[in-house]
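Listed in order, the protein sequences are those of chains B and X. Letter by letter, the first sequence follows residues 12 to 110 of the numbering used here. Letter by letter, the second sequence follows residues 742 to 916 of the numbering used here.
Simulated from the structure, these hints should not be mistaken for laboratory data. Even glycine gets a Cβ: it sits at the ideal position worked out from N, Cα and C. Treat each hint with caution, since some may be false.
[What the hints assert, rightly or not] Just so you have them, the derived chain B footprint on chain X, three or more residues with Cβ under 8 Å:
| # | stretch |
| --- | --- |
| 1 | 761-772 |
| 2 | 832-838 |
| 3 | 862-876 |
| 4 | 880-891 |
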Amino acid sequence: MDITWYLVLSALLFATGAAGVLIRRSPLVILLCLELMLNAGNLALLAFGRANGDQDAQVFALVVMVVAACEVVVGLGLIVAMYRRRLPLNVDDMRSLRG
Amino acid sequence: MEEVAFFVGAIGALGGAIAVIALRNPFYSVLALVVHLVSLAGLFLILHAEFVAAAQVVVYAGAIVVLYVFVAAYVGGIEEPLWEPIPGQRLLGPLLAAALFIELSIAVLGSALSSLDSQGPTIALGFGSPSTIGELFLERFLIAFEAASMLLLIAAVGAVVLAGRRAAPSEQEQP
Chain B
12 MDITWYLVLS
22 ALLFATGAAG
32 VLIRRSPLVI
42 LLCLELMLNA
52 GNLALLAFGR
62 ANGDQDAQVF
72 ALVVMVVAAC
82 EVVVGLGLIV
92 AMYRRRLPLN
102 VDDMRSLRG
Chain X
742 MEEVAFFVGA
752 IGALGGAIAV
762 IALRNPFYSV
772 LALVVHLVSL
782 AGLFLILHAE
792 FVAAAQVVVY
802 AGAIVVLYVF
812 VAAYVGGIEE
822 PLWEPIPGQR
832 LLGPLLAAAL
842 FIELSIAVLG
852 SALSSLDSQG
862 PTIALGFGSP
872 STIGELFLER
882 FLIAFEAASM
892 LLLIAAVGAV
902 VLAGRRAAPS
912 EQEQP
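Bound conformation, chain X alone (with noise of 0.2 Å):
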């Protein structure tokens, strides 16, 4: 049953991120993103990260996506052009991509980290549960949770600052 919860998943978060970088529409690239993160909110459940699982569905999948697509539907669908500025580059581009792959399997299984062939070990009964969560983040790691709260704040304002301004007389007569 978790073999086919697991392969269900990573089939639907492999085809999702293909599709991301497959289609040619932005629109469409955003929505097989959806698929993607789904999938993996999936696979997190399998390894027991519920609160994990449902931050991901909730942000990502909730809050990200409509950025991305009121983004892509305010800046309208982007041509990309047919020429390639690199000569090679979309022959390049996989290739160095199965290059980085294989090195990275190489570094996993290589590892020979004797918890790799098993399937963990027997876990509690709350791991990974809200309530659990709540209590490392307010305790042992309070001053990480204090630094992503700094860390949202700016990017808003920072966003604000970048998205917010209008361009200046000067700027607009320019192409």
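Bound conformation, chain B alone (with noise of 0.2 Å):
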């Protein structure tokens, strides 16, 4: 296969967490588009990698995970804060940066 598909495949999968932060108001399934958007990057690094027969690709995909890692740990906790302080759940709502 070539390297093309892997990237107009990596870019499809970019535009659909695009489109899924943009229309959809719970901030559980915002971070889950921001996991697909993370994703699609790092499918791209990795058919970059293979394109030029480059590891150092893959060490960038492994830190790009370690960083989504940690960006689902603290929207999680921020999330459950948010309901245990009875917070509407819906980012539309949450506006200010009033606690």
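Each chain sits in its own coordinate frame; assemble them with the hints.
Below is the structure:
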């Protein structure tokens, strides 16, 4: 398979994730869509690494995975904190930075 | 054979991604994410990234999805309102995403990289194996490795601070 196929698939997955962030309002689903976008970036990184025969891209992809894990942990912690304070779990209602 | 594997993985990844954003129940969205992640791990295998594929299944489909399932069960079904706060949001969102896809495709296909229309160079036997990735991590990318471990530690402590704290008595009275 040509590398182009992987890159176009990666762009498609990224656009899907971006559409999810734009149209969904539950913070949990928005976090899932961020995962989709990060994974699309990973796929592009690995495709470029394969195109150049270079393994450094795989190290980058693993670091991206670590960052995604951190983002999930902090984001889910925020959602649990919002739920405990009985704040609305809807990003349109969470407009102010005051708790 | 490789084409068949690619298209099976691509359909799985794309179908999972669309299911994540289309299903109304967050619990089903999380399950669709598992389909997406496992298909993507298959694609990583075709790209000779064995260790990344294994880490994808173990870290994502194993650990992170369990966290998501736990929080989705804890928070319960989040009801999204049927009315749209921003007029035309359901129409404009996919439109903007389609524009983003076209733009990314033009950027990739228009870059005229010589390696785009090839399958990549022939690679050595140990390409992407755990031993080579481990060597890279512990020699060339040692600082990134240590920074990643510090980041994980800080995120774990931050999550405990964020979610573990009980609300103060004065805050509990507020709605």
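Status of the hints after comparison with the structure:
1. 761-772: This one holds; 5 residues, not fewer than the three required, reach chain B with a Cβ under 8 Å.
2. 832-838: Since three or more residues must qualify, the claim that chain B covers the stretch 832-838 of chain X holds, with 5 doing so at under 8 Å.
3. 862-876: n = 7 at 8 Å, threshold three: holds.
4. 880-891: Contact hint for the stretch 880-891 of chain X vs chain B: holds, 4 residues under 8 Å.
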